[in-house]
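Now for the letters of each chain:
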Amino acid sequence: MYQGKVVFNIKEADNIYLLGIEAPKKILKSFKPGQFLKIKIDKRFDPLIPRPFSIHAIDENILYILYQVVGKGTKALSEIKKGEIIEFLGPLGKPFPKIKNYIICAGGIGIAGFGFLLQKSVNKKDFYPPEKIFYGAKTKNELVRLPFLKKFGIPIKLSTDDGSKGYKGLITDMVEKELKKNPQIILACGPQPMLKKIAELGEKYKVKTYLVMETFLACGIGFCMGCVIPSKKGNYLHLCIDGPTFLAEEIDLGFLS
Amino acid sequence: MYQGKVVFNIKEADNIYLLGIEAPKKILKSFKPGQFLKIKIDKRFDPLIPRPFSIHAIDENILYILYQVVGKGTKALSEIKKGEIIEFLGPLGKPFPKIKNYIICAGGIGIAGFGFLLQKSVNKKDFYPPEKIFYGAKTKNELVRLPFLKKFGIPIKLSTDDGSKGYKGLITDMVEKELKKNPQIILACGPQPMLKKIAELGEKYKVKTYLVMETFLACGIGFCMGCVIPSKKGNYLHLCIDGPTFLAEEIDLGFLS
Amino acid sequence: MDFSVNLGLLKLKTPLMLASGTWGLGENLDKFFSLKEIRENIGALVTKGISINPRKGNPPPRLFETPCGLINFIGVENPGIKEFKKSFLPKIKKFGIPVIVNLYGEKIEEFLELAKDLKKEKVAGLELNISCPNVEKGGIYFSYDPKIVSELVRKVRKVWERFLAVKLSPVGPVYEIAEICEKSGADAIVVANTYPALAVISLKPFKILQGGLSGPAIKPLTLRLVYEISKKIKIPVIGCGGIISGKDALEYLLSGAKAFQIGTTNLIDPRSAIKIMRELKEFKNGLCDKSDTC
Amino acid sequence: MDFSVNLGLLKLKTPLMLASGTWGLGENLDKFFSLKEIRENIGALVTKGISINPRKGNPPPRLFETPCGLINFIGVENPGIKEFKKSFLPKIKKFGIPVIVNLYGEKIEEFLELAKDLKKEKVAGLELNISCPNVEKGGIYFSYDPKIVSELVRKVRKVWERFLAVKLSPVGPVYEIAEICEKSGADAIVVANTYPALAVISLKPFKILQGGLSGPAIKPLTLRLVYEISKKIKIPVIGCGGIISGKDALEYLLSGAKAFQIGTTNLIDPRSAIKIMRELKEFKNGLCDKSDTC
Ligand SMILES: Cc1cc2nc3c(=O)[nH]c(=O)nc-3n(C[C@H](O)[C@H](O)[C@H](O)COP(=O)(O)OP(=O)(O)OC[C@H]3O[C@@H](n4cnc5c(N)ncnc54)[C@H](O)[C@@H]3O)c2cc1C
Ligand SMILES: Cc1cc2nc3c(=O)[nH]c(=O)nc-3n(C[C@H](O)[C@H](O)[C@H](O)COP(=O)(O)OP(=O)(O)OC[C@H]3O[C@@H](n4cnc5c(N)ncnc54)[C@H](O)[C@@H]3O)c2cc1C
Ligand SMILES: Cc1cc2nc3c(=O)[nH]c(=O)nc-3n(C[C@H](O)[C@H](O)[C@H](O)COP(=O)(O)O)c2cc1C
Ligand SMILES: Cc1cc2nc3c(=O)[nH]c(=O)nc-3n(C[C@H](O)[C@H](O)[C@H](O)COP(=O)(O)O)c2cc1C
Ligand code: FES
Ligand code: FES
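Here the protein sequences come in this chain order: A, B, C and D.
All residue numbers for the first sequence refer to our numbering, where the first residue is 1 and numbers rise by one.
All residue numbers for the second sequence refer to our numbering, where the first residue is 1 and numbers rise by one.
All residue numbers for the third sequence refer to our numbering, where the first residue is 1 and numbers rise by one.
All residue numbers for the fourth sequence refer to our numbering, where the first residue is 1 and numbers rise by one.
For the record, the hints were derived by calculation from the structure and aren't laboratory data.
Incorrect hints may have been included.
As the list claims (entries may be wrong) - Ranges between beta-carbon positions, derived for each pair: (1) A/Gly234 to C/Asn6: 44 to 54 Å; (2) C/Lys234 to D/Pro133: 19 to 29 Å; (3) C/Glu161 to D/Pro133: 41 to 51 Å; (4) B/Glu22 to C/Ser4: 39 to 49 Å; (5) C/Lys281 to A/Tyr167: 44 to 54 Å; (6) C/Lys281 to D/Gly8: 56 to 66 Å; (7) B/Ser30 to D/Lys231: 25 to 35 Å; (8) A/Lys140 to B/Glu22: 27 to 37 Å; (9) D/Ser202 to B/Asn15: 41 to 51 Å; (10) A/Asn15 to D/Pro205: 45 to 55 Å; (11) B/Ser30 to D/Leu287: 44 to 54 Å; (12) A/Asp126 to D/Glu151: 53 to 63 Å.
Stated by the list, open to error - Below, simulated DSBU-like cross-link-like pairs (lysine-lysine); rule was C-alpha separation at most 30 Å, straight line: (13) C/Lys94 to B/Lys81; (14) D/Lys204 to C/Lys281; (15) C/Lys204 to D/Lys247; (16) B/Lys5 to C/Lys94; (17) B/Lys125 to C/Lys31; (18) A/Lys25 to D/Lys36; (19) C/Lys94 to B/Lys94; (20) C/Lys207 to D/Lys234.
Here a beta-carbon is modelled for each residue, glycine too, at the ideal position from N, C-alpha and C.
Chain A on its own, in the form it takes in the complex:
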C-alpha cells in the first residue's frame, strides 16, 4: 500500500465529503478514469477491510475522493483529520471504455468517478468527453461539485426527486427523452434501480450501455473471488478485474435488489 497525507476532508453536503490526499505524482500518474483505489482507514481492526472509492479528480500531487457516508467505514473516513496519514492501494480495476458520442448518467454519489473522466478527456486523447451529463439526486443539496463539473463546458442536465433544482423526477426520465431524440452510447453510475432502468433504456433504444457497478470488495486485485457479478452467460465476472464498468448486455441484472 502507498501512504498519503490527508490535506483536506471537508463536508460538501449532508453526508457527502470531499477528501484530498497528497501522494507522489509518480503514483498518481498511473491512475486512469474509471479506475479506483482502496483505502485502509486506519490501523484499527474495525473497520477491517479497506473500502473502494473512485478517483474524483487529480490535481498535481493531490488525489480527490468524493464520498458519501453510508456505514462504519465511510463514517470513520469522515472523521479523519487534515495531516493524518492513510494507506491506499491503486489503481485498481479497468479504466472506462474509450468511447465517443456518449452521454453520462449519474445518480447521487455515482457522479464521483466522472470528474476525473472530464479532466482526462479535455485533450480528447485517451478519453473523449461526453456529449451531455445527466445528473440526478434526491434534493438540490445533494447535487454536489457543480462548479467543478461545469467548468468543462459540457451541458449538464439536472434532476431532483423533489424538484428543488432542475427537472422534478427521475434522471432516467430525462435520459429517455434524450435517447428518443438522439440515441447514443450511455455510461452510467448510480444506485441499483437507476442502473436497471438505464439497462432497460439501452435495450429499448438499442444503444451500447455501460454500467459502473458496485459490490463489497475485499482484495480488489483478483485474489479472493469475492466480488462477483453474474453474467448473462451464466458464469461470474469479477468486479475488481473485469470491472467496475460493464457492458449492460453482458450482465444478468436479476441479482440486483
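Following the hints, put chains B, C and D with the ligands in place on chain A, whose structure we already have.
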C-alpha cells in the same frame, strides 16, 4: 455513561498527553481524589472496552486526564481531536484515604491522580496535603506537569533514571532517605517494581503504606469480578470496588511480575 | 409496541435479558436504572453463576481484550447459594422483574441440591450452565456429553416445576445437546455461552490466559448457531453473543431467537439495556412502516 | 537470523505461508513482490482450493465484514486441475518457492484423482481441505467424521510421497481428527480453516449470508486450538487464523505452531507477508536481546 466534549488533547511529553473534557459541573462535583473514570474512546469496537483513568484535576467544568500512550486504547485516545464527544462513566472506585502527615511517591504516569488530591487538599477539609512529593521518571522529559504541581507550595523531590533532572537513580532511594529521617505514612502510585519496593520500605520503617494499584478493568463497577488483587488472607479484593488504593499490608504482592 | 414474549412457563415483558455474570448478582440494578426503566426494558435478570459453596474464583489476570472481543477467566466467583438467598435475593426480588438463577455445579447432585434449595424462593426460573467440568467424569465438560446432559436435565426437571433453561456451550456436539435438552424437558435453551479462547499476555516470559471469548467478535458465530438450532427444536431459543445494539438484537430475533441476552455490552455501559431496547423499537418501527406484515 | 523450519518432508526458508484462497492461484506474486522478496519472506505458497472440474463458485454476495472479521462464501471458485496445471503452475513454479496445492474434493476418489494427477508436477506438497461436504455421506462435512478422514488421509498417503498436510476445520471433533491425521500418515496439520458463521445482510426482506469467518476476530479461538492440539500430536502444527502482525505470528509460534499461514491480511494489503516477516524479526530480536535462551 455521560457525554463530554474534548476541549483539548495535547502532548505534554513523549507519549504523554493531557486531555481536557468539558462536562456538567453537577457530574464533576461528585468526583473525589483517588477515584477514577472509564472512557469509551469511540463507537467502534476496536478497542472494545472503556479504559480507566484517574482524575488529574478539575477546573470549573473541565476534567483533566493525564495519560500515557501504552497500547491501542491510549493510542486511539491520543488521536481524538478537540470538539469530539467522548463517553465516560464515573466516579468509580474509592477515594484516597483521609490521611495526615504523609508523603506521596509517584513513578512516571503514576503522578496523574495526585494533582486532584493537591487541589482538593488546599482547604484541608476532606483531604490533607502531603508533607512532600517524591516524583521520579526515566528522564527529565517524562517529568510532566511540574509547574502545575509546584503551585501548591509542597516540596517536590525529583529523580530521573538518567540524572537528567533531580537525583540520579530510583525515586524509592529518596523515599528511603526520608523515611530514615522521618517515618511517615506513604501513598504511592507507579510501576509495579516501584510499588513492591515501597511496600518493603513501609514494612522496614513500620509506616502505614497505601498503594494505588492497576489491573485491566472491564465494568469498573463490580459486575464482572474481573479486577482482582490477591489479599494476604487468601481471598481476592476487587480493584474497582475495594480500590484502587489499598493498604500494602493487606495485599499479596507476589502476583505482581 | 408490545414486546412481550412467551417462553412457555415464563412470560417476559420484553425479550431482553441480562446475561449471567455481567451484572453481578443484580443487586445494583437500581443504581443505574430507575424502577420504571427496569420494568419497562428488562425482561429478566439472570444472576451470576451460583454454586453450593462460595467460590473465590481464579487468580488474576482474569480479563484480556482481543480484537472486538473480551476473554474472561473469572472462575464463577460467587458467595454461594446460602449467602445469595440471604443477602442478595431479597434485594433483587424487589425490582419486580423475573429473576432467573444461573446454576453452576460440578456434579449432577450439586445442580439438584441448588434447584431444591431454590424451590421455596421467589425466583422465576433456573438456567443450567453446562459449560462446567464434570468432576465425576474426570473433568470433561458437561456440554461434551449428551448422555450426562440428558440425565442432568431430567433430574432437575423432576424437582423444578417453574421455567427451566439450559445454557449451551457453543463448542462440542451442540445440535445433539440442543435436541436432548428439548427431549429431557427443558423449557428453553440459551445459545450460547462464551467460546474457549487463548491470549498470549506476555511473550517473554511466555504467559497465556485461557478463558471464554465474548463480545461482537463472536456474534456471527452464535447467530449461526441460533439460526440452525432454532430450525431443529421447538422449544424457544434464547440468543446470546455479541449483542451491542438494537440491530444486533433484531438480527437474533429474525434468525430464530424468541428472546435474547446481553452480556459484554453491560460491562462497556451499564445502561446498555435501555439503549438496546430503544434502538430495537426504532428498528421495528422502521421496518413496520413499509408494510403491514410486521 | 535463520528462520528456516523443518516440516519433515518439507523445508521452508521462513515459517510464513500464504493461506489458501487469499492469493488466488499465486500467479500474481511478482506483481506485488520482487523475486528476492518472495524468496526471502515467503516460506511457501498455498494455492486456492483446486477441484477436478472447474467450479464457478457461489452467487453474490460472497463477502460480508463483521466486527474484526470477514465472512466469505466463495464456493471454491477455481479453474479445475487441468487448467491449473496448464496455465498457472508453470508461472508459480518460477518464483522458486515451494508450492503447496490445496485440494478440494467431495468424494475420497476426487482427492485421490487430484493427488495422482499432481504426482508428475513440480509441487512441494498437498494440503487437503476437509471442510468440504462429503457427497457420499449425504453432504456431512468430512471434518465431522474421523473415520472418513482416516480413510482419506491413508489413501492419499499411498499415492503421494511428498509433503502431505491436512487442513482442519475448527468445528467438530477437532482433537480426534488431529490425532487421526497423525496416525494416518499426514506430515503436518493446518489449524485451522474458517469458522461457520452467519450475517444478516438485510433485515427486510430478511436475507442472510452463511459462510466462513476469518480475520482478527478468530485469533483467540484458533490460537487456543493450536496450543491444545500441538500438545497432543507430534507432527508439526501450522497455525492459521487472524494473523495481521509479526506479534500475532510469534504468538502462534510460541503457542506450539512450527509455521503459520496468513489469509485475510493479504486481502487487506497484498504486501502483508513482508510486513509480518519484518515485524517478526524485530520482535524476535527484541526478545533475544534480553537473554541468551532464544
Ligand atoms: C469500484 C467502486 C468504486 C466506488 N466509488 C465510490 C465513490 O467514489 N464514492 C463513494 O461514496 N462510494 C463509492 N463506492 C462505494 C463505497 O465503496 C461504499 O459506500 C463503502 O465501501 C461503504 O463502506 P461503509 O463501511 O461505510 O459501509 P458498510 O458498513 O460496509 O455498508 C454499507 C451498506 O452496504 C451494505 N452491505 C455491506 N456489505 C454487504 C454485502 N456483502 N451484501 C449486501 N449488502 C452489504 C450494508 O448493510 C450497508 O447498508 C465505490 C464502490 C466500488 C465497488
Ligand atoms: C484505576 C486506574 C487508574 C488509571 N489511571 C491512569 C491515568 O491517570 N493515566 C494513565 O496514563 N493511565 C492510567 N491507568 C492505566 C490505563 O488504564 C492503561 O494504561 C490503559 O488502560 C491502557 O490501555 P491501552 O489500550 O492503551 O493498552 P493495552 O493495549 O490494553 O495494554 C497495555 C499493556 O498492558 C498489557 N495488558 C493488557 N491487558 C492485560 C492483562 N489482562 N494482563 C496482563 N497484561 C495486560 C498489554 O499487553 C500491554 O502491554 C489507570 C489504570 C487504572 C486501573
Ligand atoms: C465477565 C463475564 C462473566 C460471565 N459469567 C458467567 C457465568 O457465571 N455463568 C454463565 O453461564 N455465563 C457467564 N458469562 C457468559 C455470558 O453470560 C454470555 O453468555 C457471554 O458473555 C456471551 O454474550 P456476550 O457476547 O453478550 O457477552 C460471563 C461472561 C462474562 C463476560
Ligand atoms: C476469501 C477467502 C477464500 C478462502 N478460500 C479457501 C480455500 O479455497 N481453501 C481453503 O482451505 N481455505 C480457504 N480459505 C481459508 C483461509 O485459507 C484461512 O484458513 C482462513 O481465512 C483463516 O485465516 P485468516 O484469519 O488469516 O484469514 C479462504 C479464506 C478467505 C478469506
Ligand atoms: S475483490 Fe477480491 S477478487 Fe475482486
Ligand atoms: S472491573 Fe468489573 S468488577 Fe471490577
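TODO: Check each numbered hint against the structure and report the violated ones by number, ascending.
DONE: Numbers 5, 7, 10, 13, 16 - these are the hints that the structure violates, sorted from lowest upward.
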